[in-house]
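From just these sequences and the hints, can you work out the full model?
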Amino acid sequence: MEDEENGLASRAQAGDRQAFAQLVRRFQDRVFGFILRMNNSRDEAMDLTQETFMKAYQALPTWRPDARFSTWLFQIARNATLDILRRRQLVEFVPLDAGQPEGEALDPPDDAPLPEEHLSGRQRIALLEQSLHELPVEQREILLLRELENMSYADIAVTLNIEAGTVKSRLARARTAVLAKFQHHAGENRHD
Amino acid sequence: MTEPPSKHSPDMQQLSAYLDGELDSSTRHNLADHLDTCPLCASQLARLQTLTADFGNLPQETLGFDLAGVIEGRLAAAPRPPEKKRPARWWGLLPVSIGAAASIAVGVGMGSALLGGAAAMPRVTAMSVFDTLPPGGLCLGPDSCYSNGARK
Ligand SMILES: [Zn+2]
Numbered sequence: 051m052e053d054e055e056n057g058l059a060s061r062a063q064a065g066d067r068q069a070f071a072q073l074v075r076r077f078q079d080r081v082f083g084f085i086l087r088m089n090n091s092r093d094e095a096m097d098l099t100q101e102t103f104m105k106a107y108q109a110l111p112t113w114r115p116d117a118r119f120s121t122w123l124f125q126i127a128r129n130a131t132l133d134i135l136r137r138r139q140l141v142e143f144v145p146l147d148a149g150q151p152e153g154e155a156l157d158p159p160d161d162a163p164l165p166e167e168h169l170s171g172r173q174r175i176a177l178l179e180q181s182l183h184e185l186p187v188e189q190r191e192i193l194l195l196r197e198l199e200n201m202s203y204a205d206i207a208v209t210l211n212i213e214a215g216t217v218k219s220r221l222a223r224a225r226t227a228v229l230a231k232f233q234h235h236a237g238e239n240r241h242d
Numbered sequence: 045m046t047e048p049p050s051k052h053s054p055d056m057q058q059l060s061a062y063l064d065g066e067l068d069s070s071t072r073h074n075l076a077d078h079l080d081t082c083p084l085c086a087s088q089l090a091r092l093q094t095l096t097a098d099f100g101n102l103p104q105e106t107l108g109f110d111l112a113g114v115i116e117g118r119l120a121a122a123p124r125p126p127e128k129k130r131p132a133r134w135w136g137l138l139p140v141s142i143g144a145a146a147s148i149a150v151g152v153g154m155g156s157a158l159l160g161g162a163a164a165m166p167r168v169t170a171m172s173v174f175d176t177l178p179p180g181g182l183c184l185g186p187d188s189c190y191s192n193g194a195r196k
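For the protein sequence lines, the chains are A and B, in the order given. Sequence positions in the first sequence follow this note's numbering and run 51 to 242. Sequence positions in the second sequence follow this note's numbering and run 45 to 196.
I should point out that these hints are in silico values taken from the structure, not numbers from a laboratory. Watch out, some of these pointers could steer you wrong.
Stated by the list, open to error - Cβ-to-Cβ under 8 angstroms is the rule here; a few derived chain B residues that face chain A:
{"#": "1", "residue": "GLN57"}
{"#": "2", "residue": "SER60"}
{"#": "3", "residue": "ALA61"}
{"#": "4", "residue": "ARG91"}
{"#": "5", "residue": "LEU95"}
{"#": "6", "residue": "ASP98"}
{"#": "7", "residue": "PHE99"}
{"#": "8", "residue": "ASN101"}
{"#": "9", "residue": "GLU105"}
{"#": "10", "residue": "LEU111"}
{"#": "11", "residue": "ALA112"}
{"#": "12", "residue": "VAL114"}
{"#": "13", "residue": "ILE115"}
{"#": "14", "residue": "ARG118"}
{"#": "15", "residue": "LEU119"}
Claimed, not checked - Residues from chain B that face chain A, not an exhaustive set, calculated with beta carbons under 7 angstroms:
{"#": "16", "residue": "MET56"}
{"#": "17", "residue": "GLU66"}
{"#": "18", "residue": "THR96"}
{"#": "19", "residue": "THR106"}
{"#": "20", "residue": "LEU107"}
Heads up, the beta-carbon is just placed ideally off N, CA and C, and yes, glycines get one too.
What follows is the structure, given as structure tokens:
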């Protein structure tokens, strides 16, 4: 799979437009889904997806086969999305990699059933989407790359331009935060 | 009586990396042994596993049309400059103010042939309207935006 995508990218780099078209078809929905969950605007995500592939094509001469093409592509998508979010001033600047998660206790009281345990599958999906959107961008993006894109820590580090060790701590913090929000909303939901 | 694991806060960082298969083998084995005897950590791991399963159940978003065709059309209209070396920044040597450069940029709209070089156009434009790239605006240069992280 990786060899195949990098093979296509090499051909595209050599000027094979059909190879690039195949890469677009292969990754367009994944890139779109990532951007959409980052910025929560379908129209903007469509534009940004298109811009991502145009930028990728422009920057193809700088791509190196030792980098996985999809990792490189997500890096472009992520940077383009952050640009827009910054312009919208929606990027929260939170000291993410130090200290404890902001007072959000994850542990339930001993022996208490977790409030989310009664939820239906559909409710779980809705609460997860909601919780995800409430996270700071830095936590949201790392969760998306790991949980949806199934990226290795090494690839996440490249995509986010951070140290591999930071991936481990930031991801754990992001998971703790999303679980805390999920649990909180599930509790609200139950009291309805 | 077997000794219960001392009461402690589960190490979410280790559990999270364990879930992802990103621990070295000795740490992994130690944690696996600990999980066998510590219901607290085992239940946190179970929550992380459920979270991953929930992510797996999120609907797959789709763009809904063939983007490759659209990209093809745009590329046909504006082919990629094949050179890897940047063009010389001839405009940087000119004794002109930014305001003058901006007026040159306006002039560009009347025809880049006036400036005698296709490569000059996006650069001059970028100086004056960097923050408002048009929808067709592209990366300003292969070395400027996206290559650094990927190269490491
Ligand atoms: Zn434990």
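So, going through the hints one by one against the coordinates:
no., hint, verdict
1, GLN57, "4 angstroms, holds"
2, SER60, "4 angstroms, holds"
3, ALA61, "5 angstroms, holds"
4, ARG91, "6 angstroms, holds"
5, LEU95, "6 angstroms, holds"
6, ASP98, "5 angstroms, holds"
7, PHE99, "4 angstroms, holds"
8, ASN101, "6 angstroms, holds"
9, GLU105, "4 angstroms, holds"
10, LEU111, "4 angstroms, holds"
11, ALA112, "4 angstroms, holds"
12, VAL114, "6 angstroms, holds"
13, ILE115, "5 angstroms, holds"
14, ARG118, "6 angstroms, holds"
15, LEU119, "6 angstroms, holds"
16, MET56, "5 angstroms, holds"
17, GLU66, "5 angstroms, holds"
18, THR96, "6 angstroms, holds"
19, THR106, "5 angstroms, holds"
20, LEU107, "4 angstroms, holds"
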